[in-house]
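Enquirer: Sequence:
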Amino acid sequence: MKLRVPKELSDKQIEEFQRIYKERFGKDISREDAIEEGLSLIRSIALIIDKDDHSREQKPSILKGSTLIFNSLRKQSSELMKTVNND
Numbered sequence: 003m004k005l006r007v008p009k010e011l012s013d014k015q016i017e018e019f020q021r022i023y024k025e026r027f028g029k030d031i032s033r034e035d036a037i038e039e040g041l042s043l044i045r046s047i048a049l050i051i052d053k054d055d056h057s058r059e060q061k062p063s064i065l066k067g068s069t070l071i072f073n074s075l076r077k078q079s080s081e082l083m084k085t086v087n088n089d
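Residue 3 is where the sequence shown starts when you use the working numbering, and the numbers rise one by one after that.
Bear in mind the hints are in silico, worked out from the structure with no lab data behind them.
Beta carbons: idealized from backbone N, C-alpha and C, even for Gly.
A portion of the hints provided could be inaccurate.
[As the list claims (entries may be wrong)] Computed beta-carbon distance windows for the label pairs:
| id | residue 1 | residue 2 | range |
| --- | --- | --- | --- |
| 1 | Lys29 | Arg6 | 28 to 34 Å |
| 2 | Lys14 | Ser42 | 16 to 22 Å |
| 3 | Ser46 | Asp13 | 21 to 27 Å |
| 4 | Lys53 | Arg33 | 20 to 26 Å |
Work out the full structure, taking the sequences as your base and the hints as a guide.
Expert: The following block contains the structure:
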């Protein structure tokens, strides 16, 4: 699955990232930092998912343990990714 990686975030996405960040880390994050961190997170997740999908095609039997990790990452980032893919 190839994810579309945006070059910028909408106001809604930035606010959602700030909300998730505060909920997770207990502190506010500036708009500029939210943009930088949000885009970085999206790029990282896209790379992991792309790598996971490529590896499954190459060596499906090796990935049994890593599947749990990747599924956990997908689940934890689902709120942010939903806003990215909806815009």
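Enquirer: For every hint, state whether the structure bears it out.
Expert: Hint check results:
1. Lys29 x Arg6: 28 to 34 Å: Between Lys29 and Arg6, where Cβ atoms are some 30 Å apart, the hint holds.
2. Lys14 x Ser42: 16 to 22 Å: Since the Cβ atoms of Lys14 and Ser42 sit about 19 Å apart, the hinted range of 16 to 22 Å holds.
3. Ser46 x Asp13: 21 to 27 Å: 22 Å, holds
4. Lys53 x Arg33: 20 to 26 Å: 30 Å, violated
Checked against the numbered hints above, the structure violates only hint 4.
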